[in-house]
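Student: Please model the complete structure; the sequences and the hints are all you need to start from.
Protein chains: 4
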Amino acid sequence: MSAMRGFLADKPREECGVFGVCAQEKGREVVSSTYVALYALQHRGQMSCGIAVSEDGLLRGVRDSGLVPEVLDQEALDFLGQAQIAIGHVRYGSGGNRDKASAQPLVLRHVKGNIAICFNGALTNAHELRDELELGGAIFHTLTDCEVIAQVFTRERLRAPSTEKALENTMGRLKGAYSIVLMSARKLIAARDPIGFRPLCIGRVGGGYAVSSESCAFETLGGELLRDIAPGEVAVVREGELFSLKAHCGGKGALCAYELVYFARPDSVLDGVSVHAARLRAGAILAQKHPAKADVVIGAPDTGLDAALGYAQASGLPYGIGLIKNRYVGRTLAGPNSAQRQAEVEIKLGAVEHVVKGKRVVVVDDSIVRGTTIAQALRLLREAGAAEVHLRISSPPFRHPCYFGTYIDPGEALVTAGMDAEGIRRALLVDSLGYLDAADMPKIAEGARLGLCLGCFTGDYPAEPPKPFEDKYLSPLSLSGRGEDKEQ
Amino acid sequence: MSAMRGFLADKPREECGVFGVCAQEKGREVVSSTYVALYALQHRGQMSCGIAVSEDGLLRGVRDSGLVPEVLDQEALDFLGQAQIAIGHVRYGSGGNRDKASAQPLVLRHVKGNIAICFNGALTNAHELRDELELGGAIFHTLTDCEVIAQVFTRERLRAPSTEKALENTMGRLKGAYSIVLMSARKLIAARDPIGFRPLCIGRVGGGYAVSSESCAFETLGGELLRDIAPGEVAVVREGELFSLKAHCGGKGALCAYELVYFARPDSVLDGVSVHAARLRAGAILAQKHPAKADVVIGAPDTGLDAALGYAQASGLPYGIGLIKNRYVGRTLAGPNSAQRQAEVEIKLGAVEHVVKGKRVVVVDDSIVRGTTIAQALRLLREAGAAEVHLRISSPPFRHPCYFGTYIDPGEALVTAGMDAEGIRRALLVDSLGYLDAADMPKIAEGARLGLCLGCFTGDYPAEPPKPFEDKYLSPLSLSGRGEDKEQ
Amino acid sequence: MSAMRGFLADKPREECGVFGVCAQEKGREVVSSTYVALYALQHRGQMSCGIAVSEDGLLRGVRDSGLVPEVLDQEALDFLGQAQIAIGHVRYGSGGNRDKASAQPLVLRHVKGNIAICFNGALTNAHELRDELELGGAIFHTLTDCEVIAQVFTRERLRAPSTEKALENTMGRLKGAYSIVLMSARKLIAARDPIGFRPLCIGRVGGGYAVSSESCAFETLGGELLRDIAPGEVAVVREGELFSLKAHCGGKGALCAYELVYFARPDSVLDGVSVHAARLRAGAILAQKHPAKADVVIGAPDTGLDAALGYAQASGLPYGIGLIKNRYVGRTLAGPNSAQRQAEVEIKLGAVEHVVKGKRVVVVDDSIVRGTTIAQALRLLREAGAAEVHLRISSPPFRHPCYFGTYIDPGEALVTAGMDAEGIRRALLVDSLGYLDAADMPKIAEGARLGLCLGCFTGDYPAEPPKPFEDKYLSPLSLSGRGEDKEQ
Amino acid sequence: MSAMRGFLADKPREECGVFGVCAQEKGREVVSSTYVALYALQHRGQMSCGIAVSEDGLLRGVRDSGLVPEVLDQEALDFLGQAQIAIGHVRYGSGGNRDKASAQPLVLRHVKGNIAICFNGALTNAHELRDELELGGAIFHTLTDCEVIAQVFTRERLRAPSTEKALENTMGRLKGAYSIVLMSARKLIAARDPIGFRPLCIGRVGGGYAVSSESCAFETLGGELLRDIAPGEVAVVREGELFSLKAHCGGKGALCAYELVYFARPDSVLDGVSVHAARLRAGAILAQKHPAKADVVIGAPDTGLDAALGYAQASGLPYGIGLIKNRYVGRTLAGPNSAQRQAEVEIKLGAVEHVVKGKRVVVVDDSIVRGTTIAQALRLLREAGAAEVHLRISSPPFRHPCYFGTYIDPGEALVTAGMDAEGIRRALLVDSLGYLDAADMPKIAEGARLGLCLGCFTGDYPAEPPKPFEDKYLSPLSLSGRGEDKEQ
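Chains as they are written, first to last, in our numbering: chain A, 1 to 488; chain B, 1001 to 1488; chain C, 2001 to 2488; chain D, 3001 to 3488.
Dumping the calculated DSSO-like pairs for lysine-lysine here, alpha-carbon to alpha-carbon at most 30 Å: (1) C:K2175 to D:K3112; (2) B:K1026 to B:K1165; (3) B:K1357 to D:K3325.
Treat the hints as calculated values from the structure; they're not laboratory data.
Tutor: This is the structure we're talking about:
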C-alpha cells in the first residue's frame, strides 16, 4: 500500500465525478472515451476511480485507489476490452489507499440482471436506511452511501417492472444530494436528486449519448452538451433512444454554489451557467463592493484567475500575472514524508517581482479554508516588494457544515471559523480584505435554470439536514460497528 | 495492477488457509502472531491474503492480492495496530490481481454487531443459496462462496440469540466443504463442515487460544496443537474460555486425501496424522506394490522427498539427493513475460550427476497434473547419465473433479486424463511407472480420527456433488450475470 | 525499469538545471534546501536528478532517473543526512530510464580529494577531448559531456594548486556551453562558460551562499538573488567567503534567447532581465508588428500566457482566459500505453466557450515545434465557436540546430521546418499567423547585462559550432563504440 | 529506492557469479540463455545483476540492483535484443540499493574498441593500484575492484596488440582472487587468477562456447561442462574458436574450500569435484571423527542436507527429514520492517515431530556464523520432543578473515569467534558438538585438480594478504575520500 494523496488539501473537496456513455455499437472506443472523460473530470476526485462496462449483456469492472492513468493502466483497459455501454467514476475520499473498497462503480449481481452503479453526492438519511436494511438481513462492506443506494435499489428492483422504474422508486426513499449513473446490461440510466445539488448533464458523443457531471468531458471527447438533467429526472438511454421519467421533477432546484466558485472547470457549463463567466461576475461584484486603490490585480493560480480577471475588467485596473504555480507539485506517487510535505507548500508558488515590486496589489482567490497556501502567497508577494496587498475572496466565508457532498477536512483549522473579517485580515497581514457577500451570490449564476444552495455560507439549506447521529462521524476506514456486541 | 503468480501451476491447488487467535489481553502481538501464522500457511494460498482485528469492540481489516509480506506491510500492520482478537486468511484464486475483491477476511457491518469472516472450502449449493438470497433482495459484490456464507449468516443472525448459534443455524443451510473462522467483537468462532473435508484445529498460543488450518502455525508461534475441531463442530473462544456447539457433529468424516499427499506441510499433524509420516507410508506402500531393481531412490523436491525416503527405507535401496531445486524461482513480483516463464521451467531443477550417472534411479513424486515439471526433471536425469529411470507417484491418478475445495486449472492439459498408466509411461519416457492404488490410500492415514475423501481418485464422494449449472463455471473475474437482462 | 516521461514533448527542451548551497553550519537543512531548490528547477529537466553532499570532508550522493520527489524519497534524504555543502541537478535526457547512468551529480574519488560535479550545457569539442583522454588511458562509463569535463578536470587537478584553479584551467580546454557546479570537501564552486549561454546566478539563502540556474530557487527558499555569475567567471564559496577567478571573463556574452522565451520560469530574473517582463515585451512587439482586428486575446497555457497579456496590453484588446489546462496530465509514473498517450493529447486543454464563441480570437503561444498541442487548441477554439483565430508566436521560427544545450527531439516533425509562414498558416487553418522577427528579439531582453544567442533562429552562432562527426549522433543509450574492434 | 535483501544473512556470502556466452550466430537466444544462466547462478549473489551484449560490434548493457527477474524484465530484455556475445553477472554487495553503481558488467568506451567486464573475487592490492591510477589522472565512480581492473586493463590495452594480451598483462599487475569475464566486440574472454580461488569453467551451449562460475549453468541450458579454466589461464573465444594464453599458469592452485562446503550448488562440479559428493564426504568424515549414539540424522535445509546424508550413510543411522523450510521466506521486494524480520526468522523452519519426538537426533549443518538460524532450529527440535540433539558442522570454525572474496558481515556476532567448541556447545544447548577438522578438509575435495584454500580456518593463505589500510574498511556506499582536502 502506498500513501495518501491530496495532503495539501487547502480547499473544500468535491466528493465525486460521474460519467456514462452508450454507443451505437460495441467497440474499444467506449472504454477509451470513458477513460478520457474521467481524465477530464479528475479535478472532481483524485483518490480512487473506476470503469464498469457492459459487453453483450455481461458486466465487468475495474476500480481501485489512484489517479485515472494509474488505476486504468494497459492491463485494466485490456480487461475492460470492448463494450456498448460504460460508466465511470472519480472519487475523493478521506481514507487514502485504505479506501479501495469505497472505489466505484460497484458491479452487482442481481437476480433481475446485473447492474453497475456510481454516484456523486451525500445522503442525509443513509443511517436510517442502513439500519432498516440491516434489520432486513442486508450486510454492508463499506460505509459508502453508494452501497446504501445499491441495496435500496435492489429491493425496489424486485418489485418494479424495469430498472428505470426501480430507480425512480428508489429515489422516493433517498434524501439528500445524489447524481446517480447506473448501467444495466442494455441501458444507461442517470438520475439527479429533486434539488439538483450536484450537476449532471447529457451530451452527444460520437453517434451515442453520454452523461457527465460536467460538460467539459463532452468537449474533450469532441462531442457536445445537449442539456442538463433536471432535478428529479431519471434519464434513460436504451438502444440509441433517450427518454425520461419525471415523477420527482417539478421542484425549484438549487445547485451547489461552490460548484461555480471552485469545483467545476472553467470550461464547463452547469445548468445553463458558464463557470468561467460566473467567476468573472464574482470578480466584478467584488470590484464593485470591495474596491481598492491599487496598481494591479492578480489571481491566485489556478482557481482564482478567472475572478481576478473579472475584478480587473470591472475596476479598470490592469490585470497581471503575479503568482506562478510550480507545475510539478503533486506529481508523485510515493508517500511524501514530512520534509517533502513542507517542501510542497513552499514550492507551490512563486511571485513575479516585475509585476508586484513597489505596487499596490489586489490578490483574488476563490476561498479560504486552512489558509496555508494563500498565506504563503502573501508572504512571497511581500518579499517580492509589494507596497500594499489587498485580498479579495470570490465567495462568502464558510460558516456552516455542508451535508450535501462538499467535504472540508475536519482536521484543518479553518481560518474563517470563529473569526470576523477584520480578524482574518490581521491574521493574514493584508491591507484590506473583502469577501463576496452571500446576498450577492445569486448574481454570479445569472441565467441559471435553477437556484443556488448557499447552505455552507448561510446555514439555510434547501433540504432537511440529517438527524444528528454519532455514527455519522465514525471513520469510514474502520468499518466499525456501534461499539458493543449486543448479544448476551 | 501487476501480474499473476503461480503460473507454474503444475499441481492441484488448495483454495485457502485460515487462522484466528484470541489473546488474554489487547496488544500488537495479536497482529504479529497472525502475520507469522499466515506466513506459515502461505503454501495453502499465494494469491491474496488479509487480517481483520477486533480492538475494544471495533473491527477493521486489510485484505488485498499479494503474498503475506506484500499485503501486510508496515503501513498495514500499523493500521491494524493492537487487538484482542484477529483472524487471517491466505487464498489461492484463479483471477490474479483482478481478484482483489475476493480477498478475505470480509469485515461486515451488521445491526447485531459487526463480524469478520473467512473460510477454506467450496459450497456445493452456493448457486441455490445465491438465487434465494437475491430474490430476498440481497446483492453480491463477488462470486465467492464466502459472501454467500456471510449473507446466510446475517439473516440467521437476526433470529438467533448469539453469534455462535447463528453460525450453527447457518451450517444447516450450507452444503459442501467449509472450515470457517469468524470473529465478532468479543468472540473467536471456528466451524468445520460435518464431513470435515478441510482441516481445522485448535491450539494454545501465548496465554490464549488459536485456530488454524494446520498445526504448523502453532509450532511456528511457539505454541502447541491442542486438538482438531471435529467435523460439524462449532468451537467458540470467549473471554479466555473455550466451548463448543455440537448439533452437526456425529458423522464419520472424511478428510481430503490430497491434504496428506501434497497440500499440507510435512511438519503439520492433521486429524491425528503426521503429514510426514503419511508420506513415508505412501512411499513404503509404493515400494511394496511397485518395486524396482534400482541403485538409488530420489525425490522430486520439495513435496516428493518424504515419500522418496519412505520408498528407500522400505525397499532397502539407498536414498539420494539427485534433484536440486533453484531456491530463487518464483521470487519476483513483476509480471513474467513468456521468456521468463520458459526460463522458470528450465531453471527450476538441476540434476546431480554424481548421484545418478550410470545408476538405475527411482524418482518419487507426489502427483502428476500437467506434467511439465516432472518431464523437465526426467530430461535432466537422462542428460546427467541415469541408466534407467523408474517413476513412482505417491497418489492415484486424478480421474474425477473435486467439488470440495481442491482446484485444478482447467487450462492445464492433464497428463493423466484419458491415458492409462502405460500411455503415461511412454509419454514420459520412463522405464517403469507406478501409482499408489486408491485402495491403499486409507493406509497412509493410519491412526486418523476420520476417514479420507478419495473422490478425485474414485468418483465416490462422501457428500452429494453440486447440481450442474453453467453459471458455476463463469469466470469469477467477470462478475457477470446470467446473460440477458430479463426485463422488457 | 519503468517507462519514459515527457512523451508529449511538443517543445524544445532544456538540458539541465543546477544548484549548490554552502551553509554556515552542518545541518539537515542543507539537504532539504537543495531538495526544494531542485523542485523549483524541475521545469528545466524531468528525466533524472540527484544531490551530492559534503559532510565533514566526506562526499556522498544519490542520483537516479525520475522526478525530484521520486528519486529523493525519505530513504535518500536520510542517506544524505546532514551536510555543510550540497549540490543538485535536474536533467532532461533522451534516454528514459536507461539513462540512469547519466544522472548527475557525479561523485568522484580523486587522490587530491574527492569532488562532486554537475553541469548544464553542451560541449562542442567533447569528441576531440574524449579521443585524447582515451588515448591517455581514460575510460568512460557514459556518453555525457559531464564525464568529459570531470576527466579533464581530474587531469588538471593533478597540476593545479587548488580546485578552483584546476577548474579555471579546465575551462581553457572546453568549448561550448557550460554552467558548472562543483563541490570539493570544503568548497562550493560555480563556473560559467565565456559566452554565458546558460544562466547561472548567486544568491543568499539562510546565512550562506547558493548558486542556481535560475533565481526562482532562491525566492522559493526565502532567500534572494545577489547577482549573476558573469560569462567566464569561476565563483568560489569557502568558509562563508565568496571570491572569483576571472581569467576567462571579458567577452560580450550571449544568453540563450529561448531561456527568456520558454525555458525559464516567469518569476526568475536572468542576467538582469525579468523573464515575465521579457515575455510581456515579446507580446507587445507582436501586437505592434502583427496586429489583428479581434475581440479578445488569449494565451496557450502555461507558457503563452505572459506574451498574450503583453499583446493585449499593447493592442488595447481585452485579455481573456480562453484555454484551460488539465492539471492532471502527466501525473503518472506508469509507462503510458498508446491509448493513454492519445488521451493525454486530447485531454490536455479545454476551450471556454463563453470567452470565444462568436469572437475573433488572438491566440498567443511561445513557439511551435511539432505543433500537436497548438493544433488541438485551435480545433477546440473552432469547435467552441470562435469566429476567427489569429495565431501569434512570441519567437521566430526554428530554422537551425542548437549546439549549445537546447534539445529538439529529432523524431518530431517540425511544423516549421521547410515551410514558410503562409504554409504553416494554411496547415494550422488559422486566419492569420505572425511570428516575432529575429531582428526584434534583442528588444525583449531590454536591460540585459549580456547579448542574446539567436543561433537557432538565424544560424549565426556566438561560438564555433562543433566539427561534424557521426559518433556525436550515436544514441547515448547504447554506450556503443565506433563500430569495429580495431585489433587484428 | 526499496530496501535491502538478504537481511537474514546468517552465512558467509559469495561475492559474485559470472557468465558469458559466444554463439555461432546473432539471436535473441544469446540474451535469454544468459538470463537463464544468471538465474541458475542467483545463489552466488542476490543484490544486483546485469547483462551486457555485443551486437554487430556495438556493446550495450543493463545492470541494476535486484534479483535476476526484477532487473532483467521485459523492457530490459527487449533493449538487449539480439546479440552474438553476452556476459552476465550476479552480485552480493553490502550496500543494498544504494549499490546500484556497483552492479556489473561495466560497459566501457575505449579508443581501441569498447569492452564489457565483470568479475568474481577480491583484489588484495586494489588500494595501491587505485592510488597509482589516480595519480595518473584516473577518476573512479565506485569503490569496486571491478573498476580498478577496468582502469588497469584500459591502460594496458593502449600498449597491447590484442584484448587478450592486454588482459594477460593486466593480470601481471593484479594480486588476489579474480575470475574475470570480459567481452570485446568480437571476443569472449575469461581469465582466472594464478591461485584459482574462485571457480571458472568452460562449457558447450548450443553450437557455441560459454564460461561460467559453476557448471550448473551449462546443464540448465541443456549444454555440458567441457573443462575448468586453469589457474592463471586466459581463455579466448573468437569466431567459434577457443584458444588460451598461459603465461600465468603453472602454480599449484587453491580453490576456496567454502565453495565446496556452502557456496556452490550441489549439482555443480568444481575443478573436477562434485559439490554434492564433497558434502557427502564431509558428512562421512564427521561420522567417523564425531560419532553419536543416536536414532536419526537430519540436515539443516537446504545446505546441510547433503552432509547429513553422508553422515547417515557412513554411520549406518537412518536419515530423516526433520526440519522443513518455509518456501516463501524472502519472497518479497518490500523493505521488511522489524516485525517482518523477526517473523522471517521465526518462520523459516519447522520441525517434524514424527521424526524427532523421543529420538536422539544428529543435526548436520554446513557452518555457523551468527548462529541465529541454527539456534531457532535447535529450539524447534527440543519443543518437538527430541530426547538428545547432537550438532555436527561440516566445516571447521571460522577463525580468520578471508581476503579473497568471501564476505562475512562484520555486524554479525560470530558465535564461533573467541569461543572454544565446548563454549559453543553450551551456548547452543546441544548434547554434543563436532566440527570438521581443518586437517580433514582436503579429503572432501578428493580428485580435485587443485588444492584448497583453507585460510579462513587456518590463517594460512595461499597468497599474500593485503597490506593493512584503513580505507579498505570505508563503506563502499559513501564513495568517500580520505578525509581532508589536501590543498591549502
